[in-house]
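Keeping the supplied structure of chain A fixed, place chain B upon it in accordance with the hints.
Number of protein chains: 2
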Amino acid sequence: MIASSQKHWSGDVAELLRVEEGFVLADIDTGSTPGYKKNKGHAADDLKSGATELSEYQERLYARSRVDATNAAVLLVLQAMDSAGKGGIIRHVVGSVDPQGVMLSAFKKPTDEELEHDFLWRVKRRLPASGMIGVFDRSHYEDVLIGRVRRLAPENEIERRYAAINDFERQLTDSGTRVVKVMLHISPDEQKRRLMRRLERPDKHWKYNPTDVDERALWPLYMAAYQTVFERTSTDHAPWHVVPADHKWYARLAVQNLLLEALEEIDPQWPAATFDIEAEKRRLAAT
Amino acid sequence: MIASSQKHWSGDVAELLRVEEGFVLADIDTGSTPGYKKNKGHAADDLKSGATELSEYQERLYARSRVDATNAAVLLVLQAMDSAGKGGIIRHVVGSVDPQGVMLSAFKKPTDEELEHDFLWRVKRRLPASGMIGVFDRSHYEDVLIGRVRRLAPENEIERRYAAINDFERQLTDSGTRVVKVMLHISPDEQKRRLMRRLERPDKHWKYNPTDVDERALWPLYMAAYQTVFERTSTDHAPWHVVPADHKWYARLAVQNLLLEALEEIDPQWPAATFDIEAEKRRLAAT
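Chains as they are written, first to last, in the working numbering: chain A, 1 to 287; chain B, 1001 to 1287.
Isolated chain A (complex conformation) (with noise of 0.2 Å):
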């Protein structure tokens, strides 16, 4: 399905971007811009019509769910190394849309709390109701991603967590949710870059971690370990998209469209009138 926007892509963004079988992450070009004809120069008014299209659908959605019970609700997952654009998503393209209906979720080291549950009990606590978007900046994948890089299960515990996703995310998109896995890619260079233009600038020291450094010397467990997540929790149901993001413009670009195809599918209409209309119209009048 091609929503209207995407009369500037080549392709269906989904389709282009999709984990499939035989994926390979290494062979991701981060710098690349699948699909999008234009360049940079024109980025910026495509995503500002996306918006208005994106903003519509979102607020069918939720119009709708106040009426029927559809349980239709989308479910965007971001994961990515540090430094790779979530932050610039939330803020560019899920910023655009109406606060009211968006539910955002960022998960962070689990807390004791939350360490005493199965690793899926703090996400399920956030899933976004019927008629809403939900965002999870990071997610349960943190589980198999920094929780096996950093070995902090057994690896038996690991294991066991792959299938234990594809069954949860089976639940949730059986149940009406549909799931938009996202990985933004960047290269070590360009993270670099990025961590460095941090140091230099004033205003953002406050979001530099000197431990960002450490970690890059684990980037190629890293990669693997996404490499076994795609491998392993790709489905059908919910595939993965990995979506090239050193440039900051094509990434929100592709994840605006990733969640244009989304709601299109699910495509909400506006909800019939549970009332009579001419005699409220009278009733009103009256007042």
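In short, the hints are calculated from the structure, not lab data.
Check before you lean on any hint, since a few could be wrong.
[What the hints assert, rightly or not] With a Cα cut of at most 25 Å, we get these calculated BS3-like pairs of lysine-lysine:
id	chain 1	residue 1	chain 2	residue 2
1	A	K281	B	K1040
2	A	K248	B	K1048
3	B	K1109	B	K1048
4	A	K281	B	K1192
Here is chain B on its own, set in the frame of chain A:
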């Protein structure tokens, strides 16, 4: 204190709209535009430049809280009759800042679980963390507004609540949260026009509820309940502001400016680095 965006205003918006001793709600002209020196034609531009300013303040507030425990936060409390424009304020004023810095809470009819607790229980669970802008779409004031009008609690319990609210808000402000209380004030005629428009547009039917018409008969009782709220809970630490809201463009500009003034009072600065910048540059360069 005058925010720089206030050059278009003849005075301090917070002062102009503040509920002071002797305030009479019935004297307020809901179609007026206190203090704004220009007209509707300039409102969109001024809202946009205010949004840029608000966005930077929000980011500084958030950044600051990541580094040291200032406990500074902002809580915007929105109260209004139906269709007065709370949703538009959230969409167009709050929606202009990074959603990662906003915690939005809509308080509807209390659930059974909420009713088993004191009326402040559910709002206390939704207070903004340090660095955040919290927004209450309706609030603990419902419990002395509809609570009083519809007699949802005994008279002495309603009476008890005003002092409880003042104590609660005093604790909030003492611990660093600026509380910005806003009533959006429309006339019954303007509400009638807005409800009629909802009935005329199929994409607005979902926003219409037949009970809205029944509530209109209670308008004088609601205004009396608001008047009492202002007399009992407009305090030095958390004053009320009554925003004439027949003109949506005015109400949005006014609330934006109330937020700007609250943030200007906090005056959050970019935090200094907590690490050795030059050493980090060298360490990063070596990776």
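CA of A/K281 to CA of B/K1192, is that 25 Å or under? This hinted pair holds, its Cα atoms lying about 10 Å apart.
Does B/K1040 lie within 25 Å of A/K281 when you go C-alpha to C-alpha? Violated, at about 30 Å.
Taking 25 Å as the top limit, are the C-alpha atoms of A/K248 and B/K1048 close enough? holds, 24 Å
Agreement of B/K1109 and B/K1048 with the hint, judged by alpha carbon distance not exceeding 25 Å: Violated - the C-alpha atoms of B/K1048 and B/K1109 are around 34 Å apart, more than 25 Å.
The structure does not agree with the numbered hints 1 and 3 stated previously, though it agrees with the rest.
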